[in-house]
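> Here are the chains, one letter per residue:
2 protein chains.
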Amino acid sequence: MSARTIWFTGLSSAGKSTLSQLLHDHLRAAGHKVELLDGDTIRRHLSKGLGFTREDREENLRRIAFVAELLARNGVTVIVAAIAPYHSIREEVRARLLPFVEIYVNAPLAICEQRDVKGLYRKTREGHMTGMTGIDDPYEPPLSPEIECRTDLETIEQSLEKILGYLHAQPPNS
Amino acid sequence: MSARTIWFTGLSSAGKSTLSQLLHDHLRAAGHKVELLDGDTIRRHLSKGLGFTREDREENLRRIAFVAELLARNGVTVIVAAIAPYHSIREEVRARLLPFVEIYVNAPLAICEQRDVKGLYRKTREGHMTGMTGIDDPYEPPLSPEIECRTDLETIEQSLEKILGYLHAQPPNS
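Chains as they are written, first to last, in this note's numbering: chain S, 39 to 212; chain C, 39 to 212.
Hints were generated in silico from the structure; no laboratory data involved.
No experiment lies behind these values; they were computed from the predicted model shown.
Zero decoy hints are in this set.
Pairs of lysine to aspartate or glutamate, EDC-like flavour, derived with a Cα cap of 20 Å:
1. 86/C with 97/S
2. 161/C with 151/C
3. 156/C with 175/C
4. 86/C with 76/C
5. 71/C with 73/S
6. 71/S with 107/C
Per label pair, the in silico range of CB-to-CB distance:
7. 92/S with 155/C: 28 to 38 Å
8. 78/C with 68/S: 31 to 41 Å
9. 182/S with 155/C: 40 to 50 Å
10. 166/C with 182/S: 44 to 54 Å
11. 169/C with 203/S: 51 to 61 Å
12. 100/C with 147/S: 30 to 40 Å
13. 202/C with 208/S: 36 to 46 Å
14. 166/S with 68/C: 50 to 60 Å
Quick reminder that beta carbons are idealized off the backbone N, C-alpha and C, glycines included.
The following block holds chain S by itself, in its conformation from the complex (with noise of 0.2 Å):
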């Protein structure tokens, strides 16, 4: 029986490494096996060298697939947080990592732009890069998530507990 794959999509600065990480230590403080592959430190170990083309894309999150499916049937809960941003790559890699749970993080473009976590809506709107997801990249929204966290919504802590009841209310087993 292999542990869970839990994933994080949602918009770039919609909070899946905020949300990722914080659920990844509270599993781990509360003595689980726990692994965050989260999609930048994947891409700096794995997949130096791919762009963002959707070929390119879909090959980075079948490495994570690989990577994840590799520790989930060795009973390490997997997190991982990465755009995904089309639907047929996400059920790909659900298939190959059942039980999957799907988190759509979800807040309105605005908002993420607002935040700009990372500066690259801003670097996309002045003509200095292509390809951002949201922009003028697209970005299929989930249909039917397990859990949708609208984190323009709720405070990171009531997500986080939407989070924890889904996991405990549905065992990886039942």
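Given chain S, put chain C in place with the hints provided.
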């Protein structure tokens, strides 16, 4: 405490894949959590696009080490089968992956070339490829591997016995 990483290094056709698969199956049958990261598999899943320059080989080996680290620190014994032709990169991954067991799968080049499991030696000799370790690309033999298997002089069973003997005599916490 991390689990062990057991790294098989040696020329193409020296016997790395055969021995590592045998060890993997043996340890799994004995109830251990164990994963085999085979160089060819990893290239397919994590390193599409990388070639066989020194830089690309090192990048590929660092990706293997990244995955091995995630597994080993969660108690999974990791077996790697990868040529890893340079001293410096082997020392780098050793330092990152302690406790580390280096197994030098050693057969003379002439024997490896005779076996030529993947037909790569022939391809190289016929001028259809370059960058073949042992022919037109260097292999720096390990200076003090924990174990050396002379696959031209020992049977597979003898090599496996030697490896298992070492692993039993040197538990990872000693």
